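These protein sequences, in sequence, are chains G and E.
Count the first sequence with this note's numbering and you get residues 5 to 345, in order.
Count the second sequence with this note's numbering and you get residues 2 to 236, in order.
Think of the hints as simulated: they come from the structure by calculation, not from any bench.
Predicted, not measured: the structure shown is a model, and the values here were computed from it.
Hints are not guaranteed to be accurate.
Covered, in the sense of this in silico footprint (three residues per stretch, anywhere, with C-beta under 8 Å from a C-beta of chain G), are these stretches of chain E [as the list claims (entries may be wrong)]:
hint	segment
1	48–57
2	70–77
3	88–97
4	105–114
SDA-like cross-link-like pairs, simulated, lysine to any residue; straight-line CA separation at most 25 Å [claimed, not checked]:
hint	chain 1	residue 1	chain 2	residue 2
5	G	K223	E	L81
6	E	K127	G	L194
7	G	K223	E	N109
8	G	K316	E	A136
9	E	K111	G	R221
10	E	K127	G	K223
11	G	K316	E	K111
12	G	K316	E	A133
13	E	K111	E	R130
14	E	K127	G	R221
15	E	K111	E	Y23
16	G	K223	E	G24
17	G	K223	E	A80
Per label pair, the in silico range of CB-to-CB distance [what the hints assert, rightly or not]:
hint	chain 1	residue 1	chain 2	residue 2	range
18	E	F19	G	Y126	17 to 27 Å
19	G	G93	E	G67	51 to 61 Å
20	E	Y23	G	P114	48 to 58 Å
21	G	Y126	E	A60	47 to 57 Å
All C-beta atoms in this analysis are idealised placements derived from N, C-alpha and C, irrespective of residue type, glycine included.
Now for the letters of each chain:
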Amino acid sequence: MSDQPHEISRSSQAARVAAVLGALIIIILVAAPWWAGRADMRLMGELFLYLALASLWNLMAGYAGLVSVGQQAYVGFGGYMLFALTIFGGLHPVFAIAGAGVLGALIAIPVATLIFRLRGAYFAIGTWVIAEVFRLSFAQLSALGGGSGSSLPVGIVRSLASSRSGRESLSYWMALGAAVTAITVVYLMLRSRRGLALTAIRDNELAAGSLGIDIWRTKFVVYVVASGLTAMLGALIFLQKLRISPDAAFSVNDWTAFVIFIVVIGGIGTIEGPIIGTLIFFALRETLADLGTTYLIVLGVVAIVVMLKAPKGVWGFIVERYDIQLLPLRYRVNVKEHAKR
Amino acid sequence: MPEPILSLRKLEARYGDFQALYGVEMALNEGEVLAIIGANGAGKTTLLRSVSGLMSNAAAQVVYHGQPIGALRADEVAALGIALVPEGRQLFPSLSVEENLLIGGRLNRKGPWSLDAVFELFPVLKERRAFASTALSGGQQQRVAIGRALMSNPDLILFDEISLGLAPVIIKSIYEALPGIVGDGMSAIIVEQDVSKALSVSDRVYCLMEGRVSLEGRSRDISREAISRAYFGVE
Numbered sequence: 005m006s007d008q009p010h011e012i013s014r015s016s017q018a019a020r021v022a023a024v025l026g027a028l029i030i031i032i033l034v035a036a037p038w039w040a041g042r043a044d045m046r047l048m049g050e051l052f053l054y055l056a057l058a059s060l061w062n063l064m065a066g067y068a069g070l071v072s073v074g075q076q077a078y079v080g081f082g083g084y085m086l087f088a089l090t091i092f093g094g095l096h097p098v099f100a101i102a103g104a105g106v107l108g109a110l111i112a113i114p115v116a117t118l119i120f121r122l123r124g125a126y127f128a129i130g131t132w133v134i135a136e137v138f139r140l141s142f143a144q145l146s147a148l149g150g151g152s153g154s155s156l157p158v159g160i161v162r163s164l165a166s167s168r169s170g171r172e173s174l175s176y177w178m179a180l181g182a183a184v185t186a187i188t189v190v191y192l193m194l195r196s197r198r199g200l201a202l203t204a205i206r207d208n209e210l211a212a213g214s215l216g217i218d219i220w221r222t223k224f225v226v227y228v229v230a231s232g233l234t235a236m237l238g239a240l241i242f243l244q245k246l247r248i249s250p251d252a253a254f255s256v257n258d259w260t261a262f263v264i265f266i267v268v269i270g271g272i273g274t275i276e277g278p279i280i281g282t283l284i285f286f287a288l289r290e291t292l293a294d295l296g297t298t299y300l301i302v303l304g305v306v307a308i309v310v311m312l313k314a315p316k317g318v319w320g321f322i323v324e325r326y327d328i329q330l331l332p333l334r335y336r337v338n339v340k341e342h343a344k345r
Numbered sequence: 002m003p004e005p006i007l008s009l010r011k012l013e014a015r016y017g018d019f020q021a022l023y024g025v026e027m028a029l030n031e032g033e034v035l036a037i038i039g040a041n042g043a044g045k046t047t048l049l050r051s052v053s054g055l056m057s058n059a060a061a062q063v064v065y066h067g068q069p070i071g072a073l074r075a076d077e078v079a080a081l082g083i084a085l086v087p088e089g090r091q092l093f094p095s096l097s098v099e100e101n102l103l104i105g106g107r108l109n110r111k112g113p114w115s116l117d118a119v120f121e122l123f124p125v126l127k128e129r130r131a132f133a134s135t136a137l138s139g140g141q142q143q144r145v146a147i148g149r150a151l152m153s154n155p156d157l158i159l160f161d162e163i164s165l166g167l168a169p170v171i172i173k174s175i176y177e178a179l180p181g182i183v184g185d186g187m188s189a190i191i192v193e194q195d196v197s198k199a200l201s202v203s204d205r206v207y208c209l210m211e212g213r214v215s216l217e218g219r220s221r222d223i224s225r226e227a228i229s230r231a232y233f234g235v236e
């Protein structure tokens, strides 16, 4: 192959088209308050938050091998921190969201120190146990409503924007910003020096260790960053909901099972996978929601079929078949067919 | 007599109930190339795994520059200047050739080895620097694995079965490159099933049989009969 004229680059035609299309889509989405209805904006806002949650879970599970089924701990923690920082700390909600992220990252440090002693399935179970500890602990806090929860005072809600449409637009933009930020953080992290180490760990943990990569520290950084950002997302989610309770905040179904579904059917270990997965999940949810519990059975069947027929998810299947990268991390060798002739 | 840079002191290693090494004693001097030979299952790879930190042992059973390192993790051992070229290459399939090499240079240890130096040693890797490591032939992949270990500028390099699964002509060319690698005071341990290749590049040889040292001597002095006895345990 080396005798054939070829060029080496990270970019490709598909990546360039995707970049232009991506920029256009973001511009159109930013302008949504001027063209979309209230229900559509609410739905898109929710979609963006799930996309952000899925991208972060994918960073942990797909790249660092940290299969956590307890990320609801940070969603709930972030939500409660929003309430605590605004009600008791007097912070503006936007600053409280940032504060929730910082506190989420801080609480992730002792949690990681504890659960990183566990491996594989035990790690997964450990994360779930931690999330339950969080849920039970917050249920004890009477100042935040105890087991029945509490609502965000009207004054705090109004401090976001005076009009309802203004608040809805701001919530929508923050959700869109969260999704773009989460994907950008994951993309930049994977293209960095640490990302190289992370990819090496995912490919071959033993070889990575014997080349001097501190596996524990690399995974630790990923866990703390992902958990801090997940806590920020939790704050955003409950700023939209305006009400929080331990069962809603620490729901394994809402904040982890659906997120895992999105990543697995989209394509674990790829940046594009969670994007595709989120679109599929919301398409299924919006078309099948009227079926009640049957909807959950259909989700399960879809997950099983994808895992059996395309274990690398829909995006993994597309990459294998068409060799496309929309958000290129790897270099490619493009053989120039015309020059060859 | 100078202190050896690496000493194994009554090294024991286990996989659960199975004991792979029984009180192995070994010493490696600075700049020396040591060959470890032995049949399948003799404990050669286990010995390298113990030195490189991939297997945890009692700290005092592996001593490097006077420091007990038997209980250190692999990344801590690598930071001390011990690099492993693992059996089966163990490249990172998602990364390009150049990225595989750069991973090896993450430790930023000072020394003669850099990306350019590795490309000078193995020009084919420069030509294919942007290729996925999986797109290379077995011999080229082995060169990447060696280059990746050299990029950390180690004081001691461990080669585990570098000829495994390669064509004789490729093995020959890799072994021809070895003197250029292990010169300049770098020490090496070569685990190899190909006895003549191992003897041709080493100063001393240890033979392992069923987890114990069955023979030790200078590579050029040792007789074929002695090796046969130590290797197979038969007269």
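Hints, verified against the model:
| no. | hint | result |
| --- | --- | --- |
| 1 | 48–57 | holds (count 3) |
| 2 | 70–77 | holds (count 3) |
| 3 | 88–97 | holds (count 7) |
| 4 | 105–114 | holds (count 3) |
| 5 | G:K223 to E:L81 | 22 Å, holds |
| 6 | E:K127 to G:L194 | 24 Å, holds |
| 7 | G:K223 to E:N109 | 21 Å, holds |
| 8 | G:K316 to E:A136 | 20 Å, holds |
| 9 | E:K111 to G:R221 | 23 Å, holds |
| 10 | E:K127 to G:K223 | 31 Å, violated |
| 11 | G:K316 to E:K111 | 41 Å, violated |
| 12 | G:K316 to E:A133 | 19 Å, holds |
| 13 | E:K111 to E:R130 | 23 Å, holds |
| 14 | E:K127 to G:R221 | 32 Å, violated |
| 15 | E:K111 to E:Y23 | 36 Å, violated |
| 16 | G:K223 to E:G24 | 36 Å, violated |
| 17 | G:K223 to E:A80 | 18 Å, holds |
| 18 | E:F19 to G:Y126: 17 to 27 Å | 24 Å, holds |
| 19 | G:G93 to E:G67: 51 to 61 Å | 55 Å, holds |
| 20 | E:Y23 to G:P114: 48 to 58 Å | 42 Å, violated |
| 21 | G:Y126 to E:A60: 47 to 57 Å | 27 Å, violated |
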